[in-house]
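Chains A and B, in that order, are what the protein sequence lines are.
The first sequence maps to residues 83 to 241 in our numbering.
The second sequence maps to residues 83 to 241 in our numbering.
Among the hints, erroneous ones may be present.
The list cannot tell twin chains apart, which means a pair is met if one copy fits it or any two copies do.
Said to hold, decoys possible - Derived lysine to aspartate or glutamate pairs resembling DMTMM-like cross-links, with alpha carbons at most 20 Å apart:
1) Lys195 with Asp177
2) Lys104 with Asp164
3) Lys113 with Asp150
4) Lys113 with Glu98
5) Lys180 with Glu87
6) Lys180 with Asp114
7) Lys190 with Asp216
8) Lys104 with Asp216
9) Lys190 with Asp164
Because the hints were derived from the structure by calculation, they are not lab data.
2 protein chains.
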Amino acid sequence: MEIDEQHNAALAKVAEIIGDAKFAMLTTLEKDGTLRSRPMATMQLDGDGNLWFFTSQSSPKIVEAKPDQQVNLAYMRTDKQDYLSISGAAELVHDREKMQDLWSPWVKPWFPKELDDPDLALLKVSIMEAEYWDAPDSATARADAHAHSHNAPLPRKSP
Amino acid sequence: MEIDEQHNAALAKVAEIIGDAKFAMLTTLEKDGTLRSRPMATMQLDGDGNLWFFTSQSSPKIVEAKPDQQVNLAYMRTDKQDYLSISGAAELVHDREKMQDLWSPWVKPWFPKELDDPDLALLKVSIMEAEYWDAPDSATARADAHAHSHNAPLPRKSP
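Bound-form chain A, shown alone:
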């Protein structure tokens, strides 16, 4: 996994937790109004505050990933009692070059055809807000993450 230097200093702690935890639970709002989550392996946190994942574009979670779909990513470091909530906007990205950059042999079990899999796509989550805790139910810090603001402003104000 790649953790790039963050242009937004508030994301430094966020980057540390993500780098350690690696797997997130991605929660989406389903059409029937329920909330579902599933594990996702984080491939990169880029310098603009975007998180990148491999996914199958035909999988149910992706069918729903219309532009700017709101999602939540939850990361935990249970040994340190670190918990991180990321609210963001998700989009499917088809970019062969980016997929090559991010490919890693350890994701092969889930995508055995590797980059030749026509179903393989990238899920990009632009961080809109990140909040973390070092003990349950007590927010110790909120990183208002405007990391996206210089490349793709999203229609949401921070609290």
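Following the hints, complete the assembly by docking chain B onto the known chain A.
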């Protein structure tokens, strides 16, 4: 934490993961359309498939907890690569006796006034669907959890 015997056998594995992980990330849909999560300490999985948590009724997550509000609970056992998604309906419960039953000294740091805190309440999540993975992105089992069906049927069919 109490893990009661499950009337629904499909919840046995779910109970095992919850008992081990103890902390969940609770995701809710906010009024502005974003999804947020925050850590919650699980106090009990009762025999009817309900999960119980202590909460402050004035905290933002609770303001939103109207009857049958849809939520997601994500549990992780990172050492075993176990991931669990629970879709459920949340409600605030005010029940002094139940709070006494569930009270534990280890939650005192978050609720220093203990049971005398007028802001203290219970959050009950009725499990509607549980799905777990033992490796990312590959659902190995889905427990269609109708654990609630004999006490409080909720208006949702399973997939």
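(request) Provide an ascending list of the numbers of those earlier hints which the structure does not satisfy. (result) 4, 6
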